[in-house]
Amino acid sequence: MAERKLQVALYWGAACGGCDVAVLDTNEFILDVAAAADIRLWPIAVDGKYQDVEAMDDAELDVTLFNGAVRNSENEHVAKLLRRKSKIMVAFGTCAHLGGIPGLANQFSREEIMERAYLNNPSLEVGNRTLPQTQTDCAAGQLEIPRFYARVYRLADVVEVDYTVPGCPPHPSQVKAVLTAVVTGTLPPRGAVVGASERAVCDDCPRKKEEKRVARFYRPWQIIQDPERCLLEQGILCAGSVTRSGCGVRCPNSNMPCRGCYGPLPNVRDQGAKFISAVSSIVDSKDPEEIDRILAGVPDIMGYAYRFGLPGSLLQRSL
Amino acid sequence: MDFEPKIVGFLCNWCSYTGADLAGTSRIKYEPNVRVIRVMCSARVDPTFVLKAFEQGADGVLICGCHPGDCHYTEGNYKTMRRFPLLKRLLGDYGIEPERVRLEWVSASEGHRFAEIVNDMAAKIRAMGPCLARPALTEDPAQR
Amino acid sequence: MARTIHIDPITRLEGHGKITIFLDDAGEVKDTYFQIPELRGFERFVVGRPIEELPRIVTRICGVCPASHHMASAKAVDGCFGNECPPLAHKLRDMYYHAHYIHSHIAHFYALAAPDFVCGPDAEPATRNILGVVAKVGLEIGGSVLAARAMAQEIQSILGGRTTHLVWCLPGGVSKGLTPEELEKIKPMVAKLYDFTQFSLQLFRDVVLGNPAYVELILKGPYTLDVHNMGLVDADNAPNFYDGKVRVVDFEGREICKYAPHEYSMYIAEHVEPWTYLKFPFLKQRGWKGFVEGIDSSIYCATPLSRLNVADRMATPRAQEAFEEMFSTLGGRPCKALMAAHWARLVEMVQNAEMLQKHCADPEITGTRYRVVPQRITGEGVGIVEAMRGTLTHHYTCDDEGICTSANLIVGTTNNNAPIHMVTKKVAKSLIGPGKEPDQGILNRIEMAFRAFDPCYSCATHSLPGQMPLEVEIVQGGQPVRTIRRGC
Ligand code: SF4
Ligand code: SF4
Ligand code: SF4
Ligand code: FES
Chain A
45 MAERKLQVAL YWGAACGGCD VAVLDTNEFI LDVAAAADIR LWPIAVDGKY QDVEAMDDAE
105 LDVTLFNGAV RNSENEHVAK LLRRKSKIMV AFGTCAHLGG IPGLANQFSR EEIMERAYLN
165 NPSLEVGNRT LPQTQTDCAA GQLEIPRFYA RVYRLADVVE VDYTVPGCPP HPSQVKAVLT
225 AVVTGTLPPR GAVVGASERA VCDDCPRKKE EKRVARFYRP WQIIQDPERC LLEQGILCAG
285 SVTRSGCGVR CPNSNMPCRG CYGPLPNVRD QGAKFISAVS SIVDSKDPEE IDRILAGVPD
345 IMGYAYRFGL PGSLLQRSL
Chain B
590 MDFEPKIVGF LCNWCSYTGA DLAGTSRIKY EPNVRVIRVM CSARVDPTFV LKAFEQGADG
650 VLICGCHPGD CHYTEGNYKT MRRFPLLKRL LGDYGIEPER VRLEWVSASE GHRFAEIVND
710 MAAKIRAMGP CLARPALTED PAQR
Chain C
9 MARTIHIDPI TRLEGHGKIT IFLDDAGEVK DTYFQIPELR GFERFVVGRP IEELPRIVTR
69 ICGVCPASHH MASAKAVDGC FGNECPPLAH KLRDMYYHAH YIHSHIAHFY ALAAPDFVCG
129 PDAEPATRNI LGVVAKVGLE IGGSVLAARA MAQEIQSILG GRTTHLVWCL PGGVSKGLTP
189 EELEKIKPMV AKLYDFTQFS LQLFRDVVLG NPAYVELILK GPYTLDVHNM GLVDADNAPN
249 FYDGKVRVVD FEGREICKYA PHEYSMYIAE HVEPWTYLKF PFLKQRGWKG FVEGIDSSIY
309 CATPLSRLNV ADRMATPRAQ EAFEEMFSTL GGRPCKALMA AHWARLVEMV QNAEMLQKHC
369 ADPEITGTRY RVVPQRITGE GVGIVEAMRG TLTHHYTCDD EGICTSANLI VGTTNNNAPI
429 HMVTKKVAKS LIGPGKEPDQ GILNRIEMAF RAFDPCYSCA THSLPGQMPL EVEIVQGGQP
489 VRTIRRGC
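Protein chains in written order, with my numbering: chain A, 45 to 363; chain B, 590 to 733; chain C, 9 to 496.
Errors might be hidden in some of the hints.
[As the list claims (entries may be wrong)] Derived DEER-like restraints, expressed as beta-carbon distance ranges:
| no. | chain 1 | residue 1 | chain 2 | residue 2 | range |
| --- | --- | --- | --- | --- | --- |
| 1 | A | Thr174 | C | Gln293 | 20 to 30 Å |
| 2 | C | Arg384 | A | Gly341 | 15 to 25 Å |
| 3 | C | Gln383 | A | Arg257 | 22 to 32 Å |
| 4 | B | Glu593 | A | Thr224 | 37 to 47 Å |
| 5 | C | Pro220 | A | Leu163 | 43 to 53 Å |
Source of the hints: derived by calculation from the structure; they are not laboratory data. For each residue, glycine too, the CB sits at the ideal point set by N, CA and C.
Work the whole structure out from these sequences, hints included.
Pasting the structure below:
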């Protein structure tokens with residue numbers, strides 16, 4: 045009797061699809077996975093493989109890779125359903141891990157977001173003051189759409205998560221490593237972050253580091269970057285020192301600063317708090333006024349500190 | 590009406606904690622709202638601690654260190670000084686009012702000053718009401 | 009008894025899109041609704057951010073076409089800085105964007121559309137996927153498809169440093185240029201990609217055009233709509249994906265309007281319905297007339313086919329040949345058969361490959377003036393590119409410090425929201441009725457209509473990528489009597 049093939053699902057919540065593309069970017073490798081596992085659910089690529097998640101037995105799936113955040117009632121419902129059907133639940137990608145870029149919405153209320161989208165923007169139909177409703181009665185019957193939550197949640201806020209794969213999106217080589225571990229049954233103990241390193245992006249960054257002291261911050265457009273030197277030392281905010289490595293130093297190697305998509309370092313609870321320490325520590329002054337002047341060159345601190353992880357921060361959202 | 594603010598006070602061991610102690614031994618009366626945490630130096634106050642305090646339900650956070658130039662570790666309080674503006678702005682972005690977070694330099698002999706700071710802060714926060722930053726306070730999973 | 013059919017990828021189950029079909033007592037389709045359940049709120053939460061960060065934030069609207077958002081955003085940001093971007097930066101961005109197009113079109117054509125044709129529309133759902141295509145056409149061809157897509161990704165990676173969610177464009181240019189060594193690496197890949205476009209056209213001729221049943225499926229049936237067409241064109245009215253003016257042509261070929269990006273709000277407006285999170289763009293000067301076809305309609309499509317319908321010619325010679333062949337086979341331009349979008353995609357890919365060749369041959373492409381430091385902040389910009397799935401508009405304003413004060417986005421698939429809603433109804437009406445029970449095959453046909461649009465609700469709602477998994481639930485007297493699902 046042949047071994048039972050691994051039963052796998054890939055699913056997205058409030059996601060962009062980049063995590064799925066990262067899986068596709070493993071190229072031929074994906075055929076090996078298809079050979080070793082039954083992909084029971086993968087909306088972006090596999091069609092008709094699978095009949096009905098609800099009809100499955102509990103824990104019938106070996107593993108679900110869930111990408112995307114939880115933004116509405118539907119995302120939460122499916123997350124719970126898949127949790128029940130899966131032995132292992134993986135938060136795949138930064139949205140599932142920390143809320144991701146959609147998590148920036150946690151600085152605003154549901155009402156502010158709806159207002160901008162449907163009531164106050166320059167291309168709306170004049171005179172139409174309609175807002176989407178969870179239930180609408182039309183002539184022929186009733187229509188429903190999911191409830192848009194007041195804020196964004198991480199996957200772990202709604203279900204128990206067994207493993208986390210960071211990255212926005214995870215680097216294809218990491219995806220490969222993780223899938224290999226899944227298929228060969230060599231995942232580390234539950235709770236681990238997989239597909240990433242234990243070091244900081246700075247540790248892998250090839251740029252020259254000397255002494256970090258700056259008398260002025262520059263926004264990336266305000267200065268032509270020296271391609272060899274550490275960007276932070278040039279006064280350009282870079283989150284490399286507070287970010288877990290594993291991405292291949294993608295951004296600094298494109299001559300652009302890291303914004304922290306791989307999330308906090310091991311044993312760090314709040315990436316933004318560490319970012320603040322890192323940035324302040326290079327300010328070259330002991331004079332309160334001068335310090336203020338230098339730090340005025342850092343706008344939108346929330347947007348840098350938690351570019352990818354406001355819902356995963358200690359305070360999770362703005363009041 | 591009977592809201593009493595919970596203020597977490599991070600006090601450096603060498604100056605500010607001694608100052609607060611002096612306030613006590615000199616029987617200077619001050620509001621009992623501060624829960625003091627002694628740290629070796631104000632620089633030890635990782636911004637994470639402050640966020641954590643709010644996450645745990647603090648209504649205010651007070652950080653006290655030696656006056657500039659007097660830090661037992663020479664440079665520690667400059668570090669604190671540089672860190673504080675960004676931390677305060679971040680808390681502002683979280684919707685936490687500026688009155689709820691303070692950085693003050695308090696020497697070992699400034700018992701009175703410490704008492705005044707605490708009284709002032711407690712009064713202001715009492716007037717503002719509780720801080721809702723603690724996620725559990727505003728979240729009902731059934732009401733998402 | 010009156011019934012309701014839900015085609016529902018959501019049904020608290022999968023995907024992010026939903027169709028509800030209402031039947032009357034006689035079993036006739038009374039009405040259908042195409043609903044999008046998602047919203048992410050990018051327009052609100054980019055406000056207050058440094059404007060130069062937006063190109064690297066908005067990529068997360070869609071990981072299937074992140075470069076489209078990156079480029080449209082970069083151009084809107086350029087506008088906020090007085091458009092000082094040097095010509096070489098535009099060339100490099102254009103080059104990147106052609107590679108991005110090829111990657112996306114290959115993925116769509118082979119992985120998502122081809123299964124219907126290569127395996128056949130009535131093939132078992134379990135084989136109707138890319139693996140089924142590979143099984144049918146052979147591993148060698150399957151391998152060359154994967155290799156071609158990988159090359160298109162690799163070219164992007166060499167140019168911009170990364171593929172999904174690139175971080176390359178800055179106000180005033182791009183963060184890195186192209187070195188002569190990198191160019192040498194790209195050249196042979198471009199040559200292979202060009203060959204691959206020719207191969208794909210031939211495959212289409214053999215598999216689709218060679219089969220009269222498919223030709224009939226494309227040209228006849230309910231898959232046509234009398235609505236207008238939109239696409240970005242250059243000064244000669246040839247398609248341009250990265251830059252140009254938006255041209256709108258009616259379904260009989262007459263130009264309705266042609267506007268520059270900054271004029272978009274005079275020409276396009278968005279209608280809101282309470283039963284979906286996705287808005288319905290329409291031609292503003294005609295006013296919202298409802299979901300109607302015909303010469304007075306204010307509804308337009310923005311698909312690969314639309315782009316060729318609004319064009320007078322292609323920008324490159326071999327693409328021009330393919331364009332002529334397509335329209336002469338289809339009986340002239342404009343073509344209303346929505347399914348021809350699959351063919352149009354291949355024609356576009358030829359232009360993409362030829363444009364890549366042209367950029368590779370440009371002696372200036374490895375130059376160093378790919379970025380300048382902008383000297384002023386002018387405060388407002390509109391960037392339009394042609395995303396693979398429709399015209400994409402980003403409109404930003406910022407303050408004197410370059411902090412974003414507002415953002416408005418009209419996204420590729422959103423343009424097609426009304427046409428998709430309408431074609432769904434049309435297909436449902438033609439296939440479901442008294443004595444015509446909705447079944448797996450009907451579901452299939454409805455999904456094929458979607459697939460022509462290559463709809464991307466990740467973009468549109470800022471949530472769901474790729475294709476729609478569908479579920480049809482037939483409800484009779486309030487009780488579900490039957491459920492048909494696929495792709496979930
Ligand atoms: S983590 Fe990044 S790539 Fe993945 S779904 Fe979220 S935004 Fe997209
Ligand atoms: S701060 Fe940024 S540029 Fe500098 S070493 Fe770290 S990752 Fe590299
Ligand atoms: S450099 Fe930073 S932001 Fe860029 S991919 Fe790596 S971790 Fe993510
Ligand atoms: S020891 Fe008091 S601030 Fe450093």
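Hint by hint, which ones does the structure fall short of? Hint check: 4 fails alone, others pass.
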